[in-house]
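Respectively, the protein sequence lines represent chains A and B.
This note's numbering puts the first residue of the first sequence at 1, with every later residue one more than the last.
This note's numbering puts the first residue of the second sequence at 1001, with every later residue one more than the last.
Check before you lean on any hint, since a few could be wrong.
Quick list of simulated restraints, FRET-style, between CB atoms [claimed, not checked]:
{"hint": "1", "chain 1": "B", "residue 1": "K1108", "chain 2": "A", "residue 2": "S523", "range": "34 to 42 Å"}
{"hint": "2", "chain 1": "A", "residue 1": "S449", "chain 2": "B", "residue 2": "A1133", "range": "47 to 55 Å"}
{"hint": "3", "chain 1": "A", "residue 1": "I73", "chain 2": "B", "residue 2": "S1166", "range": "57 to 65 Å"}
{"hint": "4", "chain 1": "A", "residue 1": "T455", "chain 2": "B", "residue 2": "K1108", "range": "56 to 64 Å"}
Here are some chain B residues pointing at chain A (derived, C-beta under 7 Å) [stated by the list, open to error]:
{"hint": "5", "residue": "D1069"}
{"hint": "6", "residue": "A1070"}
{"hint": "7", "residue": "V1083"}
{"hint": "8", "residue": "A1091"}
{"hint": "9", "residue": "L1299"}
{"hint": "10", "residue": "S1303"}
If you are wondering where the hints come from, they were derived from the structure by calculation, not from laboratory data.
Please read all numbers here as calculations on a predicted model, not as lab measurements.
C-beta: ideal position from N, C-alpha, C; glycine also.
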Amino acid sequence: MTTIAAEAPRSRSLRLTGRLDRWTLFAFFVAALIGAPIATVLIMAITDTSDIWQHLYNTVLGTYVQQTLILMIGVGVGTTVIGTSTAWLVTMCRFPGSKIFEWALLLPLAVPGYVLAFVITDQLEYAGTVQVFLRDIFGWTRPQDYWFPEIRSLPGAIWVLTLVLYPYVYLLARAAFLEQSVCALEVARTLGKSSWGSFFSIALPLARPAIVVGVMLALMEVLNDFGTVDYFAVQTFTVGIFDVWLNMNSTAGAAQLSTVLLAFVLVLIVLERMARRGKKFHNTSMKYSELPSYRLRGKRAVGAFFMCAAPVVLGFVLPAIVLSNYALKFYEETLAANYFSFVVNSLTLSMTAAVIAVLIGLFLAYAVRLSPSPAVKIAARAASIGYAIPGAILAVGVLWPLGALDSMISMFGDYAGLAIGALMAGTIVPILYGYLVRFLALAYGAAESSLDKVTPNMDGAARTLGATPFGALKSIHFPLMRGSLMTAGILVFVDCMKELPLTIILRPFNFDTLATFVYQYASDELIEESALGALTIVGAGIIPVILLSVTITRSRPGSSS
Amino acid sequence: MSGLHLRAISHAFGSNQVLRNVSVSVAPGELVCLLGPSGCGKTTLLRIAAGLETIQSGQVEIGGELVADADRSLNLPPEKRGVGLMFQDYALFPHLTIQENISFGIAKKNRSAHQSLIAESMANMGISGYAEAYPHTLSGGQQQRVALLRALAPGPNVLLLDEPFSGLDVTRRAQVRTETLRTIKDTGVGTLMVTHDPEEAMFMADRILVMNEGQVLQDGSPTDLYFHPHDQFVTELFGPVNEFEGIVKNNLIKTKVGEFPVSGYNDGTELSFLVRPEGFLIDESNRGISMKVITARPLGRSSVVMMELDDDTPIEARVPGVVLPEAGSSVSVSIRPEQIHYFPKSTTR
């Protein structure tokens, strides 16, 4: 028998070890890149010697702390109650519409807070549909004739943010309930607990870490939010940072406020990490059986229906209808306002950011796989911290170092006799950088979990067959991970489409995206004219909702699908 | 010095020392087996040879070239070592066809030149119809052949096999083993194979290294290992043995089953005296030891006969053919001298 003949012996050179260095260096570089804005803010805050801190402390700091805390507590309680109760209802009970609510409850995730804020204000203000309707019925003619809650207020902001952020809690709570073995619940029933009793004594404690993670993610979004609170004139830290920076013209003051906000963020990160660690120990049984479905009837079914319908209607259906209505009537105005150039700008920015984030996330995850030393792991961890950092802080931290780099380059240019001018300012580099810092975690997380599914023997096989580390990534890992990377890219893309605070600050002069256009128009009471833009953002936001709902139904262990 | 030479390899994962000063050489054309229980460090040794594990102590030389040396911080990456490695789970690339899998290790510009050789090899192994198929559509045995061809295709300096037959069911194993051995021998490549199955090692290997707890206990030919095991662990590799206590007196070891000549031990030394089940002969001559038959079972090519000595010590014997003495009857048993092994008691596990 003839077998494959040996190739001529390859020429190989002896060289010192260090084949992983490039990848390790890359990991450190990315960590530095992501960490730079945060480090900048800290350095700016510490090195400033003026007495602005004292001034802030005497004037606005108390208000910022108080309003931010109330907002966080309100949204925290609201998202916990709505997210957990609806997750429990659709997971464990059957009632009219329960199958639809399983995915419909995720829909408000598609609506940015500021868009819901505009729509709800539009409907509930004096000239809005609701008050006009009430006046018609009761014959009131003047504002003095009746009392109506002021929607543009702190409670209003709590409601709006709760409605768009509860899906974080719902998503994680539902996943946790699905993961639970029904055996533990049945044991509780046989030991004499009622179904509500077993919920509170077994299911809720088991799901608690997941719920905490969900609430922490929601609260990070609260700290990040600028559009809603600014429109409602709530004095949170994010609003304060912009105010001090842009109106009081004090970068150092903004940096100092940022450090206080960072302390809030740090607490959330620590709580989230602790909860995630707790999750691991809560898988109690290896045996899974089909979840029971308590069939609800009568009043209970009606109650459950309204419990689930209310957040979907208020958080998604209402804004979708109102915006569609306006969009149909006023689309010409929107088009005239240069709608298509905003779409192109949004798409360009978001796609570029998504591709960059996914590539860097992939390389970073691969670097950790090649050299899983503690240092590289820490670098990767550090590089995924940005998701927790509010856009306002990143804006401060990104603009300053890029400005410094710019002036260095132009100084160098002057020295060399070249008129280089500003390379960074006025381009989309700062905004892409900001997006990358904030959303790299999303791409890295997806790449990491997808890479884990490729067995290490694939690496070994490819490498012993002559592939370099990069060659193996290109020909083996990348094709196998393509689907997950695509999903990660879409998630980053949509988050960039919706992103507001970073975009407002870091965009080049006279450069508008859909988000900034909608925000400016709606702030100027031109919500009808911007409706088509808002609807476009919501439409893009639905894509990840679909992806998420598909993933979550597939994720139940032992499920037949 | 071509072939593969691993010199004084030691390796630890954290505080767990998995290899202690292990040296192995494989000459071109030679097939060497690392035989040992799981967790004895044999797979780690293979991974160090391939460069998938960074060397911590010792040297690796492949094809006459030093590819790793802990003292000089030399550690060539796997792609520069010219090794063919076949994994226990085959690690076929699921998104590539069989053809693409096999030619993965051949440089793009040489692929067309290799085409006919690959086709011929595939035909010889009975998988020529699957060139455009994807791995998941193949049976375990077919996947094994693809993995072997893929590892051999680039013409490696040395072939490393990690439990190459463990994924196959027992009925297919013998056939695939024969085929694999023939293919490897035809290429003339030096091969280091890891297995925990003594029969597999005996069948495949020119030389076997028995490993336990990170150390090489014995290095020898299959015949050596079977007839001259260095200690009780090696003796027991080929199955459970009958163990008796013995004490040395005047160059004789006294045991329950008789006295046998020994050398090199002082009077009064206590030894473990081991007899394999196949070391007993049931003879008609009545010159042997008298034992009472408990049960006798035919296994096909041999029979297993469970017996007892007068003091109820159980004895397991395996005799060729169908030999089924009646339960309760008394038989005369003698012991083949070449099947006797004895070791100082302290060296037993």
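Would the hint on A1070 of chain B stand, with a C-beta cut-off of 7 Å toward chain A? Constraint on A1070 of chain B not satisfied, violated at 10 Å.
Once the shortest beta carbon distance from S1303 of chain B to chain A is found, is it less than 7 Å? violated (39 Å)
Can the suggested window of 57 to 65 Å be confirmed for the beta-carbon pair I73 of chain A and S1166 of chain B? Between I73 of chain A and S1166 of chain B, where Cβ atoms are some 59 Å apart, the hint holds.
Is the shortest C-beta separation between V1083 of chain B and chain A less than 7 Å? holds (5 Å)
At a threshold of 7 Å, is the proposed contact between D1069 of chain B and chain A supported by beta-carbon distances? violated (9 Å)
Can you tell me whether the CB distance of K1108 of chain B to S523 of chain A sits inside 34 to 42 Å? Hint violated: Cβ distance 58 Å, outside 34 to 42 Å.
Measuring from the C-beta of A1091 of chain B to each C-beta in chain A, is the shortest one below 7 Å? With a closest approach of 4 Å, the A1091 of chain B hint holds.
56 to 64 Å was suggested as the range; check whether the CB atoms of T455 of chain A and K1108 of chain B agree with it. violated (25 Å)
Outcome of range test on Cβ distance (S449 of chain A, A1133 of chain B; 47 to 55 Å): Cβ of S449 of chain A to Cβ of A1133 of chain B: about 30 Å, so the range 47 to 55 Å is violated.
Can L1299 of chain B be said to touch chain A, with a Cβ gap under 7 Å? violated (35 Å)
Hints 1, 2, 4, 5, 6, 9, 10, counting from the list given before, are not met by this structure.
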